[in-house]
Amino acid sequence: MTWIQKTKILVAALALMFWNMASAQEDEKGYVSGNFQVDGQTYRKDSLTGAEDVPEQMLINAFGNLRYTYGKLTAGLRFEAYLNTLQGISKNYDGTGIPYKYFTYRNEELEFTVGNFYEQFGTGVSLRAYEDKMLGIDNAFEGVLTRYNPVQGIFLKGLVGKQRNYFSLGPGIVRGIDGEMNLNETFRLDSLTTQIIIGGSFVSKYQPDRNPTLILPENVSLAASRLNLQHNGFSLQTEYAYKINDPSADNLNNYQPGQVLISDLSYNTSHYGVLVGFKWINNMSFRSDRAAQENQLLINYLPSITRNHVYSLAAMYPYATQLNGEAGVKGEIFYRFQRETFLGGKYGTLVTISYSRVNNIDTTNLPMWDSVHPHPDHYKTKFLSVGDTRYFEDFAIEIQKKISPNLNSTWQLQYTAYNKKVLEGKDGMIEALIAIADITYKFRPQHSLRTEFQYLNTKQDHGDWFSGTLEYTVSPHFFVAIVDQYNFGNPEADRQLHYYMVRGGYTRGANRIQVGYGRQRMGVICIGGVCRIVPASTGFNFSISSTF
Amino acid sequence: MKRHIFFVIAAIGLSIVAFGQRLPNVELKTLQGKILSTSSIENNGKPILISFWATFCKPCIKELNALNDNYPDWKKETGVRIIAVSTDDSRSMARVAPFVASNGWTFDVYCDPNSDFKRAMNVVNIPHMFLIDGKGNIVWQHNSYVDGDEVVIYQKIKELIK
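Line by line, the protein sequences give chains C and L. Mapping the first sequence onto our numbering, position 201 (from 1) lands on 201, and the numbers just tick up by one. Mapping the second sequence onto our numbering, position 146 (from 1) lands on 146, and the numbers just tick up by one.
Simulated from the structure, these hints should not be mistaken for lab results. What you were told as hints is all true, and nothing was included just to trick you.
Some chain C residues judged to face chain L by a derived CB distance under 7 Å, without partners named:
{"id": "1", "residue": "Leu275"}
{"id": "2", "residue": "Val310"}
{"id": "3", "residue": "Pro445"}
From the three backbone atoms N, C-alpha and C, an ideal C-beta is built for every residue, glycine too.
Required output: the full structure, derived from the provided sequences and hints.
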């Protein structure tokens, strides 16, 4: 081909491109979007805190999502790299891969996905696939998902797939269907002041039985039903699920069926709200591999009934849902004292009082089957029974008060009881009192200083803690912070350590970079009652993220 | 020749691809538990501000309080509609309605209990805010919140309606 021919083709192509650009309507265009995040940390040996160094010196977790949308079609993928995995997240992630890739078609009533997907039925007690990078959880399905909205107010879903297990798939096949009906919408009950939504789901898993001694059920099914009622500010949401016998590593091959009942009732009006709830679980661990442990291959999600605390010392003893059995209650009052009242002052005062308690369920052990084998049901229990052992209790009062246009404050008092013996298998009951003051002063409209003081008092575990934070922010780009957590009450004098951390960050639009240096205490991070243990570490850390 | 055909195809492909985001079509829940499609979110051609938050995220609550304080003025001057999307999962989703009531927030609040919308919008961390023009295009976004960010947010809304 001569250079003239080449030029002709080039010109034709460019002309075509510009013509296309000019003529393409907005909804005819394809859109590319995505995000990425890189988190890294160096590890230094610290004999005082027990922090270990790592042979790699630095560990990095990273991921990037790419999403392409063209009209009703969406396709996307996520690349992940763990080189090698940050401490506290399972080392089974070490390596790289594209564990998430999918193709979705969606019109007004139908949605169809092939590839990897996340999904939740109801509150998740029957099925929930989700990801949480902080926890190292990703139980996405690989398979097929359809959602169908045939008439107004009726929503149907069906799926089949295997679940992600690090960079491979678990052995079990999961099949599920779910239906929800909004009676008011379907039957056009516009004049009715009560809104009624009902729903139900059926989930079944298949895993071959290769156990030489036990006869294990290869297909295990779970059925759930739910109700949502709304009436003049009152709201009731409840879901019940029943699972047939599912002997597993979690329940030590217990053959009895599992049950869960979860309920939330709330009332709210213009300046206050009240919430009460309870939960009862027996033998409800449900995974697509009976041998799976920790946070792997969970099919369902049993949310914790306890409050998710914001402040670090308030969250020192977080609660993890006991999949094998627990009974819990909670209550919470949110009240705003209006402006220009005695307790409200000039700007109003917001008070939140919360309480939660979790006990064991009442069980009676069944006699041994023979001299070696336990009874297949292990124990018997009555539905909604409550045992005498306290697993966790938490009471907190939080007051948010704006003192002047430039001065804002939050105050919190809290009591927490944490049964370490049951929840972690060591020591005994820990009781702690926690006091917090969080004060922000605005120097100028875009410059402010936040100070945070926290004090935790306990006679058990590591004794008393104090935490202080100074954070200076310049909107919209910068922040610097110094945090010191001081374990001054540790019964071992040489463990009375300062866990200091210096952090700084720069944000521009949806790009964010953060760097820090310091010591991290050993602790537990929990989200939604699912927890992971973070070992003590000392070193330099950074995080870069962006959405585009 | 093959290379040139590839070039032509690539040129056509690129010409119909734009970098950027539009409002994706996924399902949310209202505070009353009703299913709502994000494709039905609109504001008569005026700007929309969508903020992702959670009841356990302190900076998110600060941001929404600041937006709420300014909302009556902003609405009057720019016609902007604010939507707060709670990413609380079923553990704390029941807290959202009483939480919103006691805070006296006057904007719409929807729930995204399994983070479907959050994922479709490529949100990494909350708080994360999107400014959307009258045609459903995302024209500006901002991650994190520090005191005073509302000044910039308002500037961006004003620039959009110019």
